[in-house]
Amino acid sequence: MSALTDKAIVKKELLYDVAGSDKYQVNNKHDDKYSPLPCSKIIQRAEELVGQEVLYKLTSENCEHFVNELRYGVARSDQVRDVIIAASVAGMGLAAMSLIGVMFSRNKRQKQ
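Take the sequence shown: its letter number 1 is residue 1 in the numbering used here, and every next letter is one higher.
Just so you know, the hints here were simulated from the structure itself, not pulled from any lab data.
Incorrect hints may appear among the rest.
[Said to hold, decoys possible] Computed list of lysine to aspartate or glutamate pairs in EDC-like fashion (alpha-carbon distance at most 20 Å, straight line): (1) Lys12 x Glu61; (2) Lys23 x Glu64; (3) Lys33 x Glu69; (4) Lys7 x Glu53; (5) Lys57 x Asp6.
The task is simple: from the sequences and hints, build the whole structure.
Rendered as structure tokens:
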């Protein structure tokens with residue numbers, strides 16, 4: 001599956017087999033905000049999806065959305081949110097720099 005496709009097949013694989021020798025960490029970072037569903041329900045929902053083709057969109061239906069939907073019943077991605085925030089801040093910074101440049105340019109022309 002590639003980030004350029006809009007569909008993915010849900011597979012059941014051991015985490016170690018997927019990550020290999022790379023380091024990984026299981027984050028249940030939203031447990032303080034959302035109540036996790038019972039483990040049996042999470043497993044049942046996940047196993048029902050094995051072999052199914054699901055939508056995949058990097059910004060709205062990615063792997064993080066998928067696992068949070070399974071665990072909490074809420075599809076969310078902090079990775080996507082963080083990129084959107086960073087891009088917004090960068091955009092505002094560029095706009096501010098452009099505005100300052102225009103102001104200095106006008107001020108310089110007025111002095112001449």
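The hints, checked one at a time:
1. The straight-line distance between the Cα atoms of lysine 12 and glutamate 61 is roughly 18 Å, inside the 20 Å bound, and the hint therefore holds.
2. With a C-alpha separation of about 17 Å, the suggested pair lysine 23 and glutamate 64 falls inside the 20 Å cut-off, and the hint holds.
3. For a cut-off of 20 Å, the pair hint linking lysine 33 to glutamate 69 stands: about 14 Å separates their Cα positions.
4. With a C-alpha separation of about 6 Å, the suggested pairing of lysine 7 with glutamate 53 holds against the 20 Å cut-off.
5. Between lysine 57 and aspartate 6 the CA atoms are separated by roughly 6 Å; this keeps the pair inside 20 Å, and the hint holds.
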